[in-house]
Amino acid sequence: MITLIRRPNPSRFWSYATPVAAVIATMIAGGLLFALLGKHPVEAIRVIFYEPLFGENAAYFRGQLLVKAGPLVLIACGLAVGFRAGIWNIGAEGQYIMGALASAWLALHMYPAESHWLFPAMIVLGAIGGLLWAMIPALLKVWFGTSEILVSLMLVYVAENLLAYMAFGPLKNPEGYGFPGSRNLQDYPSAHNAELIAGTGLHWGVVAALVAVIFTYILMHRHIMGFRIRVAGEAPRAARFAGVVPARLVMISLGFAGALAGLAGMFEVSGPAGQITDSFNVGYGFTAIIVAFLGRLHPVGILLAGLLMALTYIGGDMAQLTLGLPSAAIQVFQGMLLFFLLGFDVLTNFRVRLGRRAVA
Amino acid sequence: MSELLQIEGLTKAYPGVVANDDVALAVGEGEVHALLGENGAGKSTLVKMLYGLVKPDRGTMRFRGQAFTPADPRAARAAGVAMVFQHFSLFEALNVAENVALGMETPPPMRQLAAKIREISNDYGLPLDPARLVGDLSAGERQRVEIVRCLLQDPKLLIMDEPTSVLTPQEVEILFKTLRKLSQEGTAILYISHKLEEIRTLCDGATILRGGKVVAHCNPREKTARELAELMVGGAFNVTDRANRELGDVVLEARGLSLPPMSQFGPSLKEIGFELRAGEVLGIGGVAGNGQEELLATLSGERVSAAGTLWLRGQDISGLGPNPRRARGVLAAPEERLGHAAVPAMSLTENAILTGTLRKKLTRNGFVDQAAAERFAQDVITGFDVRTPGPHVAARALSGGNLQKFVIGREVLQAPEVLIVNQPTWGVDAAAAAAIRQALLDLAAKGAAVIVISQDLDELMEVADRFAALNEGRLSEPRATKGLTIEEVGLMLGGAHGMQEAQL
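Chains as they are written, first to last, in numbering that gives the first Met the number 0: chain E, 0 to 359; chain L, 0 to 503.
I should point out that these hints are in silico values taken from the structure, not numbers from a laboratory.
There's no promise every hint is true.
From the structure, some residues in chain L lie toward chain E, with a derived Cβ separation under 8 Å [to be verified]: (1) Pro333; (2) Gly338; (3) His339; (4) Thr354; (5) Ala393.
Glycine included, every Cβ here is placed at the ideal spot set by N, Cα and C.
Kindly produce the complete structure, drawing on both the sequences and the hints.
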């Protein structure tokens, strides 16, 4: 019989150790999964975690690391604020798409005029696009008490359809010989989010992610606003007693997450992706949920978790290419990480006792 | 009187604490025996062992002349031990008979059960309508359901845990008549309470526990309440010092204050009105669930009421939230410590920030001043003798009494103009309770206006200048406590909630 005994104080050791334990458990369980698929487990794990960093083509892949980690960290920072408050925005993917659409629309509208103001204006519009999309679940929750989980998630599919419509319709490249997709913003200097230092993968989105990490840290751990957000997540009645207005909190946390997700979409469409296509979104908004939890909803943790998840993306791609692993196996692998993390999390707040059940 | 229950050398240890240490106790047939002690003295552990919820490490129990080792509550019930818990386990959405049936191994057909409930409840002077929804019953009536549920098993020993904490004085009288009748019929009663006067009127014998050990067996009728209290606490007992106070101007005034219910079975507040002067303590009595939570929420600003219903020194504050009210000097301490007055998983420093931000200036331009917050938390800990390793400890790691001292201290040290507290000493040991009451009186002596909402009438008589009763969301006209008799208080509380006492 296993008994869980609640710890009076959350364990400091386990709150740091669980992410590490979860990563190790994921490697073991993932290895088993790969073995069942007939691949050599150690080899697969090596390809995923080692090759991109220290393998033959590491120079290229290390740059990719920042490209992938940037949007993950940016989105996860926003999500973490809401998650701390107990507001579950599952629709960052949709807010990401809307940020990209809004900023790309502006750029394509201005094409081919060159201006120093275009890029900053795209940043603003990207944030606004994500923010407004996130306001839909926020306002519906405040006015009608709907679940933000369902509404934000369903709006992802709406956004995806809107994206496809834009890629095939209004934003389609008029000089694209009938191919779907917009003009490539990489060929439009004023709108291009170019690499800042060649070969590093460092672009403005990565800078924005670092700023978001610092900003979120200050907000959540130094400012009274962050304190109130944390109280609301821990004890809603105490939050009300401390003067927190729940409706305002819903708007702020969804709005913040939406704006950051929109920004991530903007930097992606103007940089690494370059254009609006129907396959523009690759699940950053969903993976960021894992990143947020893996990073303990703490900005610094999120930074590390974002890099780790980026690694599994790149390593996963490599494993698909070199070992022929199905892409679904990689997604299962990433999902396992969250699963194990939440499982091990029990240890932070509970002590496990084996043996005969004690009668309390 | 032959011995019904005999306990010898009973010991039960938990990691870090010996809850019962070599406890001996004997209860005769038909005896009403009191089990006295502070919180944590080991009363609950003892009765849990009797009721088969906990197994003793050592020692013997004999019940009706036979060795008694109940493996679970079912075995205890089968042997003739029944228990009425302090917290009821009833479903509000079911009626009385259905609730009773749920607790039975083989419930008879509903109609037969209803007739049986009616018969037993009338026999023992606790009339109950089996068809009524439990959600509509008063706390006193809910307790009757629990008692009748026990009586249906025809117990030889009835354990009652703090049964009168939810009753009005008239309801207590009815309950005592029932218990005396049971005792005459040979049913023994093990009566747990910390209300000493009650024990002196009801019980034939008493066992006093302190720190898990039996410190005395006595006949409570031969001791004074003070002697019993000193045995319980183990030393001289601090009596609160109530200095003469000058009452000032009216500080807080409620006029026709109404509020819709906050939950499905919750009460609404109806046309509440009172005036509160500087330096005055207003005691609001009544059984929990009659609008206490709602009243605290409207006074603290968690719920806003219609314009013109609440005035602070002539200024309408009805529409203000908790923080603007704090800025004006209106502070509050809710009843529920964990999750309302304090955040369980957060440290004491963070819990100090929870309400102290404005008046203690714990932020600068919105940024938390960690050092100032820690200093404030430390001040509360030192000033109110909160036993804890330091301000970094999570609130949920503190015992109820210590956390309550912290919660009250946090508000008192912010020098409020008006302080509203709900059940300030609920679940707090006698020494800590006395300290909290003294702090409230000292605050009033400095000119603050204090509202104490409490179920404990003795407490209200001790601290309050005026007393008002809150019953089904209505507040009676406040009356001076000086010269107020307990019967008058009972009548103000709505008597026995309009229920008839059956003829015995």
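Hints, verified against the model:
Evaluation of the Pro333 (chain L) hint against chain E yields a held restraint, the C-beta minimum of about 6 Å falling below 8 Å. Residue-level restraint check for Gly338 (chain L) holds (minimum Cβ-Cβ distance to chain E is 5 Å; threshold 8 Å). Because the beta carbon of His339 (chain L) sits about 4 Å from the nearest beta carbon in chain E, less than 8 Å, this interface hint is met. Checking Thr354 (chain L) against chain E by beta carbon gives a least distance of about 6 Å; that is within 8 Å, so the hint holds.
At its closest, the beta carbon of Ala393 (chain L) sits 5 Å from a beta carbon of chain E; the interface hint therefore holds under the 8 Å criterion.
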